[in-house]
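Using the sequences and the accompanying hints, generate a full structural model.
Listed below, chain by chain, are the residues.
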Amino acid sequence: KAGVTQTPRYLIKTRGQQVTLSCSPISGHRSVSWYQQTPGQGLQFLFEYFSETQRNKGNFPGRFSGRQFSNSRSEMNVSTLELGDSALYLCASSLGGIGEKLFFGSGTQLSVL
Amino acid sequence: SQQGEEDPQALSIQEGENATMNCSYKTSINNLQWYRQNSGRGLVHLILIRSNEREKHSGRLRVTLDTSKKSSSLLITASRAADTASYFCATATTSGTYKYIFGTGTRLKVLA
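If you read the sequences in order, they're chains A and B. Position 100, counted from 1, in the first sequence is what our numbering calls 100; the numbers after and before it change by one each time, with no gaps. Position 48, counted from 1, in the second sequence is what our numbering calls 161; the numbers after and before it change by one each time, with no gaps.
Simulated from the structure, these hints should not be mistaken for lab results. Careful: at least some of the hints might be erroneous.
Unchecked claim - Distance condition first, Cα-Cα at most 30 angstroms in a straight line; then the derived DSBU-like pairs of lysine-lysine:
hint, chain 1, residue 1, chain 2, residue 2
1, A, 13, B, 139
2, B, 182, A, 57
3, A, 13, B, 169
4, B, 182, B, 222
5, B, 183, A, 13
6, A, 101, B, 182
7, B, 222, A, 57
What the hints assert, rightly or not - Quick list of the computed label-pair ranges, beta carbon to beta carbon:
hint, chain 1, residue 1, chain 2, residue 2, range
8, B, 194, A, 54, 23 to 33 angstroms
9, A, 97, B, 157, 18 to 28 angstroms
10, A, 54, B, 151, 40 to 50 angstroms
11, A, 41, B, 133, 17 to 27 angstroms
12, A, 18, B, 133, 14 to 24 angstroms
13, B, 143, A, 52, 21 to 31 angstroms
14, B, 168, A, 20, 36 to 46 angstroms
15, A, 82, B, 151, 23 to 33 angstroms
16, B, 179, A, 84, 29 to 39 angstroms
What the hints assert, rightly or not - Some but not every residue of chain B turned toward chain A, in silico, with C-beta under 7 angstroms:
hint, residue
17, 159
18, 165
19, 215
Only a predicted model underlies this, so the values are computations on that prediction, with no experimental measurement involved. Virtual Cβ for every residue (Gly too), placed ideally from N, Cα, C.
As structure tokens, this is what we get:
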């Protein structure tokens, strides 16, 4: 069974640009959640999607958005990039019930210059 | 902050020794999970303990949970160099949300 796939692995952008990250979950998993990881803040929850619906959202500005497609693949978009958006962005998939274990992708390392 | 806390933040031990790391959290939980992260990579699930369990074992891992103190500990016995990684606890709350609150992590270094 293939694992969670995130693309691209690395991204370099400049301030003001926008970026789209992609996540393909494990086959059969309907939940995809996104996390931002920085050295100072640890893992911060961004949002979670289940069957194309956002079920939960973290405390991030509206510049951060996401969506999920009918095949459960998910994308995350960050508009008007700021230097502080530099981070490792991780997605995780699960079956979708409360407390299910998460399966993580390798992440996308975003650097904003 | 909702974030859980782990201590120590960093731990350095010799191969063969045991490593213990602790996690404290703030809310009522459905379960608590431990994950490992190798440098710059995704997290890997290690073990899950439910709120009505007090102790659980998996190979060289032992997890305890004290819901009255809102704390958990992870013990890795007979550590190996390959155990070098960051370890995170994550709590699934009972509030009906679908997000997990991660601790700040413990960086473990096992010296050969």
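**OP:** Sort out whether residue 57 of chain A lies within 30 angstroms of residue 222 of chain B, counting only the CA atoms.
**Re:** 34 angstroms, violated
Subject >> Cβ separation of residue 82 of chain A and residue 151 of chain B, checked against the hinted range 23 to 33 angstroms >> reply: 28 angstroms, holds
Original post:
Is 14 to 24 angstroms a correct range for the gap between the Cβ atoms of residue 18 of chain A and residue 133 of chain B?
Top reply: 44 angstroms, violated
Original post:
Using the C-beta atoms of residue 97 of chain A and residue 157 of chain B, is the stated range 18 to 28 angstroms upheld?
Top reply: 20 angstroms, holds
**OP:** Could you check if residue 215 of chain B really has its C-beta closer than 7 angstroms to a C-beta on chain A?
**Re:** 4 angstroms, holds
Original post:
Holds or violated: is there a CB of chain A closer than 7 angstroms to the CB of residue 165 of chain B?
Top reply: Constraint on residue 165 of chain B not satisfied, violated at 12 angstroms.
Subject >> Residue hint residue 159 of chain B, partner chain A, criterion CB-CB below 7 angstroms >> reply: With Cβ-Cβ at 9 angstroms, over 7 angstroms, it is violated.
Original post:
Okay, residue 54 of chain A versus residue 151 of chain B on CB: inside 40 to 50 angstroms?
Top reply: The hint (40 to 50 angstroms, Cβ to Cβ) is violated, given that residue 54 of chain A and residue 151 of chain B are roughly 30 angstroms apart.
Original post:
Taking only the CA atoms, is the gap from residue 183 of chain B to residue 13 of chain A under or equal to 30 angstroms?
Top reply: Violated. Residue 183 of chain B to residue 13 of chain A sits at ~41 angstroms, over the 30 angstroms cutoff.
Subject >> Hint check for residue 52 of chain A and residue 143 of chain B - Cβ pair distance inside 21 to 31 angstroms >> reply: 24 angstroms, holds
**OP:** Below or equal to 30 angstroms on CA atoms is what counts here, so check residue 182 of chain B against residue 222 of chain B.
**Re:** 28 angstroms, holds
Original post:
When you check the alpha-carbon spacing of residue 13 of chain A and residue 169 of chain B, does it fall within 30 angstroms?
Top reply: Not OK: residue 13 of chain A and residue 169 of chain B at ~45 angstroms, beyond 30 angstroms, violated.
Going through the hint list in order, the structure does not satisfy hints 1, 3, 5, 7, 8, 10, 12, 17 and 18.
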